[in-house]
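Enquirer: If you want the building blocks of each chain, they are given just below.
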Amino acid sequence: MRHPELYALHIAHIDCDAFYAAVEKRDNPELKDKPVIIGGGKRGVVSTACYIARINGVRSAMPMFKALEACPQAVVISPNMEKYVRVGREVRSMMQALTPLVEPISIDEAFLDLAGTERLHGLPPALVLARFAQSVEKEIGITVSAGLSYCKFLAKVASDFRKPRGFSIIGEAEAVTFLAEQPVTLIWGVGKAFAATLESDGIRTIGQIQRMERGDLMRRYGTMGDRLYRLSRGQDTRRVEPDHDAKSVSAETTFDTDLASSADLVPILRALSEKVSTRLKKSGIAGRTVVLKLKTQDFKIRTRNRQLGDPTQLADRIFQTGMQLLAKETDGTKYRLLGIGVSDLTGVEKADPPDLIDVQSRKRALAEGAMDALRDKFGKTAVETGYTFGKGRNAHPREDVED
Amino acid sequence: MRVILERSNLLKSLNHVHRVVERRNTIPILSNVLLSADGASLEMKATDLDLEVTEATAAKVEQAGATTVPAHLLYDIVRKLPDGAEVMLKTDEDGNAMSVISGRSSFRLQCLPQSDFPELSAGSFSHIFRLESAAMKGLIEKTQFAISTEETRYYLNGIYFHAIESGGKLKLRSVATDGHRLARAEMDAPAGSEGMPGIIIPRKTVSELQKLVDDPDVAVTTELSDTKIRFTIGSVVLTSKLIDGTFPDYQRVIPTGNDKKLVIDRESFARAVDRVSTISSERGRAVKLSISEGQVTLAVNNPDSGSATEELAADYSSDPIEIGFNAKYLLDVAAQLSGSEARFMLADAGSPTLIHDMSDEDALYVLMPMRV
Numbered sequence: 000m001r002h003p004e005l006y007a008l009h010i011a012h013i014d015c016d017a018f019y020a021a022v023e024k025r026d027n028p029e030l031k032d033k034p035v036i037i038g039g040g041k042r043g044v045v046s047t048a049c050y051i052a053r054i055n056g057v058r059s060a061m062p063m064f065k066a067l068e069a070c071p072q073a074v075v076i077s078p079n080m081e082k083y084v085r086v087g088r089e090v091r092s093m094m095q096a097l098t099p100l101v102e103p104i105s106i107d108e109a110f111l112d113l114a115g116t117e118r119l120h121g122l123p124p125a126l127v128l129a130r131f132a133q134s135v136e137k138e139i140g141i142t143v144s145a146g147l148s149y150c151k152f153l154a155k156v157a158s159d160f161r162k163p164r165g166f167s168i169i170g171e172a173e174a175v176t177f178l179a180e181q182p183v184t185l186i187w188g189v190g191k192a193f194a195a196t197l198e199s200d201g202i203r204t205i206g207q208i209q210r211m212e213r214g215d216l217m218r219r220y221g222t223m224g225d226r227l228y229r230l231s232r233g234q235d236t237r238r239v240e241p242d243h244d245a246k247s248v249s250a251e252t253t254f255d256t257d258l259a260s261s262a263d264l265v266p267i268l269r270a271l272s273e274k275v276s277t278r279l280k281k282s283g284i285a286g287r288t289v290v291l292k293l294k295t296q297d298f299k300i301r302t303r304n305r306q307l308g309d310p311t312q313l314a315d316r317i318f319q320t321g322m323q324l325l326a327k328e329t330d331g332t333k334y335r336l337l338g339i340g341v342s343d344l345t346g347v348e349k350a351d352p353p354d355l356i357d358v359q360s361r362k363r364a365l366a367e368g369a370m371d372a373l374r375d376k377f378g379k380t381a382v383e384t385g386y387t388f389g390k391g392r393n394a395h396p397r398e399d400v401e402d
Numbered sequence: 000m001r002v003i004l005e006r007s008n009l010l011k012s013l014n015h016v017h018r019v020v021e022r023r024n025t026i027p028i029l030s031n032v033l034l035s036a037d038g039a040s041l042e043m044k045a046t047d048l049d050l051e052v053t054e055a056t057a058a059k060v061e062q063a064g065a066t067t068v069p070a071h072l073l074y075d076i077v078r079k080l081p082d083g084a085e086v087m088l089k090t091d092e093d094g095n096a097m098s099v100i101s102g103r104s105s106f107r108l109q110c111l112p113q114s115d116f117p118e119l120s121a122g123s124f125s126h127i128f129r130l131e132s133a134a135m136k137g138l139i140e141k142t143q144f145a146i147s148t149e150e151t152r153y154y155l156n157g158i159y160f161h162a163i164e165s166g167g168k169l170k171l172r173s174v175a176t177d178g179h180r181l182a183r184a185e186m187d188a189p190a191g192s193e194g195m196p197g198i199i200i201p202r203k204t205v206s207e208l209q210k211l212v213d214d215p216d217v218a219v220t221t222e223l224s225d226t227k228i229r230f231t232i233g234s235v236v237l238t239s240k241l242i243d244g245t246f247p248d249y250q251r252v253i254p255t256g257n258d259k260k261l262v263i264d265r266e267s268f269a270r271a272v273d274r275v276s277t278i279s280s281e282r283g284r285a286v287k288l289s290i291s292e293g294q295v296t297l298a299v300n301n302p303d304s305g306s307a308t309e310e311l312a313a314d315y316s317s318d319p320i321e322i323g324f325n326a327k328y329l330l331d332v333a334a335q336l337s338g339s340e341a342r343f344m345l346a347d348a349g350s351p352t353l354i355h356d357m358s359d360e361d362a363l364y365v366l367m368p369m370r371v
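In the order they appear, the protein sequences are chains A and B.
Residues in the first sequence are numbered consecutively from 0, following numbering that gives the first Met the number 0.
Residues in the second sequence are numbered consecutively from 0, following numbering that gives the first Met the number 0.
FYI, nobody ran anything at the bench for these hints, they're computed from the structure.
Warning: the hint list may mix true and false statements.
[Said to hold, decoys possible] Computed cross-link-like contacts, SDA-like style, restricted to lysine to any residue with a CA-CA straight-line distance of at most 20 angstroms: (1) LYS349(A) - PRO302(B); (2) LYS362(A) - PRO351(B); (3) LYS327(A) - THR151(B); (4) LYS349(A) - ARG370(B).
[What the hints assert, rightly or not] Pulled a few chain B residues facing chain A out of the computed Cβ check, cut under 7 angstroms: (5) GLU149; (6) GLY178; (7) LEU181.
Glycine is no exception: its CB is placed at the ideal position from the N, C-alpha and C atoms.
Build the full structure now, drawing on both the sequences and the hints.
Expert: As C-alpha cells, this is what we get:
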C-alpha cells in the first residue's frame, strides 16, 4: 500500500458488500454461485441484490417483478431482519474495537475516525483498515469495502469506488483533480431530481461546479448551492459523531395491491403501530409526535403529523392517533404504501401518564402490557387484537427492510 | 366612504378587533378588517371564520360607505400616530384604496371589496343572560389554565359552560381539563341560564373574551344556542362557534372519598414550589411532597443538575404519604387560589388529589399525581 498521505488520513467509511445477500450466502453455501435477491412480497421491492444478480441488471429498490424479468433464475429470499441486525452488530462491535468514534449510518455502514489510534494499534489507519477488512471476512464471513480520506464525503466516495472488497484512499492533494472528472451525482444530497435540474443548467461534472462562484451557486440553488460549492472542492468539515441518536421510530409496508378503504388500511395500521411500539419499548424510549405516511398509486407521498399531550410508547395511542389522521385521507384515493411512526423522542419517565378523563386508556394500556408479556413468551402471533386477527398478509407485514 | 374620528377611539376599537385576525392567512380577505361608516359611527369587524368581533365607535361620517383593509397594518399605523390626533379614513373613487390621513402623515392602503367579507351567521339564540364582567372573568380565569392543547381530544380544547343544580341551588359552572388537571369554578346561575345546553367555548374565544372583561364596570350579555355564542360587552360584540363535541363526564373525575387532609399556607407553598423547581432543567419535572404530621417536605431531584428540598409547616394528622406532582401544575393551581390557606384532600400516591381554596368553595382543582 502506497500513498503520500497514507499516515495523515484518518476518516474512514466502511460499508458491507450486498449485506443481506452476503449473510444469506454465508449461511447457505448452495447459494454461493447463484444470483440472490433479498426482498419481500409479490409487489415488494429489491432490498439487496448480490453481485451476480447485479451483473444481470438487478438494482436495489427495483420492483421485484422487474428484477425477475432481468434475472429470472434469481433466488428470492425474504429478509430476516433479526439475523441481519445481529450480524450488523457483530461488525459494529469490531469497528468499536478500533476506535470509540464510530458513527453508524445504517445497519451495515459506518464512519470511523481513527485519528490518534496509531499508538494503540501500532499501525497507521490505512493498515488498521486493511486488517479490519480481512478479519471481518475471516471471523464473520462477509466482505466489506472501505474508504479512507481526510473528510466524510470523500471517505464514502472512496469506499464506493472499488466495491465489492474494495479499499481506496483519496488524499487531500488529489481531491480536487479527482472530483473534477466525476459526475455531480457523486455529491451527497444530489439525487435524481436535483441532478436533472443541474443537467438542465448544463452541469454534469463536478469540475464544472468547481469553476463556479459560491454566490452564483447559492443564488441558483439556495443552501444546496453552498453545499455544491464546498463539496465540489472537497471541503467537508462534518465530524464523526458517535452518538447519533435516533430521531424517529417508524414502520411501513408496501401492499400487494393498491388499497383505498379504511377496512383494508386499518388492520395494517394496527400491525405497524404494534411494531413501532415494540421497538420503542425495547429501546426504552417514547415519542411525542405521531407521523402517518401514505404513498398514493401515483407515488406521491403524504405525511400527516399530530403532536400528543404526552410522549407515548403504547401501540394503542399510536394506532388511535394514526386512525384519526388516516380518517381524513381515506377519501377514495388508492394507496400503495402505509407507514406510521413517532418522532420527538424522549425517555420513558414522562411517557403515558395516567389520565383523569380517559379511564379507558389505562385499561387499554394494562391490556397491552398483558399482550406484550404473552407475545414475549409464546411468540408474536400468540395474541392479536380483532383489528389484525384473520386479516391476512397485509396485516402481518414482514420486518421492513431498508438498504 | 369618508370619516373623521379620534385616534384614541379608533385605536381602542382596532385593538379589540384586530387580534382576531390570524397573522398568516391563506384567504386574503381574512387578513382584513371591515370598516363601515354610517350615521354617527364607524363599525369595525374582523373574523377568522370561527370567531368574529365587531365594535362601533363614534365618528364624524362625511360620506357613508364601507371597505376592507389589512387589519394589522391599519392597527400598526394608528398605534404609531401621535396621541390626541384626529384621523381621516377616505376611500378612492374607484374603491381600490383607502387613505389614512392624520396631521402631515398620509398612508394609502389597498382595499378588498366589502362584499367579499364573510358573515358569521349566528342563527337564533335560545338563551340569554347577563353577568357582571368580574363574575365572567372569575369563571374564565379560574379554569382557563387547564384547557388542553391536544388536537386529538378537540373536545377538551375549550371551557365547558353549563347550568347545574348543586346543593339545592342552580349554578353556572365552568370546567376545563387536559387530562392531567381539572379546574372547576361556579357561581349562582343568572336568570335566563336555566336549561341552557352544555357548551364548549373554544380556547381562542376564551382568551379574547378574557381581554374584553377587564373593565369591571360593564356587564356581559351572553346569548347562546347549541352551536354559537355571542357576548356583548359595552360596544363590543364577540360571536363565536362552539366546539362540536361532548365534554366528558367530569364529575366522575372529582374524588369524593379522599380522606387525608392537608392544610397549608398558600403563599409560602407556592413560593417553595417555585424555589425547589428551579433545579429542574425542563418543564414538567415532578416535585415530591413528603407529608407527615405537621409538616411537608418538597423535593426535586434532577440527575443532570442536582437536587433541592424545602420544609414547610402544615396542618396534617393522617398517615404519612409521599406523592409527586408536576411542578408547573402545582404553581398554576396555587396562582388561582385566592385565600390565605389551601386545602389538599389526598388518597394515595397514584390517585387524583383534590385542591380547594379554604375561603372560596366556588372553585376546586383536581391534580393527577406523577410517578416519583
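Enquirer: Taking the closest Cβ pair, is GLU149(B) under 7 angstroms from chain A?
Expert: The hint holds - GLU149(B) has a Cβ within 7 angstroms of chain A, the shortest such distance being about 4 angstroms.
Enquirer: Could you grab the alpha-carbon distance between LYS349(A) and PRO302(B) and see if it respects the 20 angstroms cut-off?
Expert: 15 angstroms, holds
Enquirer: Take the C-alpha atoms of LYS362(A) and PRO351(B), compute the straight-line distance between them, and say whether it is at most 20 angstroms.
Expert: The given pair, whose Cα atoms are some 17 angstroms apart, holds under the 20 angstroms limit.
Enquirer: Please check whether LEU181(B) passes as an interface residue: C-beta within 7 angstroms of a C-beta belonging to chain A.
Expert: 6 angstroms, holds
Enquirer: Mind checking the alpha carbons of LYS327(A) and THR151(B) for me, to see if they're no more than 20 angstroms apart?
Expert: 13 angstroms, holds
Enquirer: Is the shortest C-beta separation between GLY178(B) and chain A less than 7 angstroms?
Expert: 4 angstroms, holds
Enquirer: For a C-alpha distance cap of 20 angstroms, please report whether LYS349(A) and ARG370(B) respect it.
Expert: With a Cα-Cα distance of about 9 angstroms, the restraint between LYS349(A) and ARG370(B) holds, given a limit of 20 angstroms.
Comparing the model with each numbered hint stated earlier shows that all of them hold.
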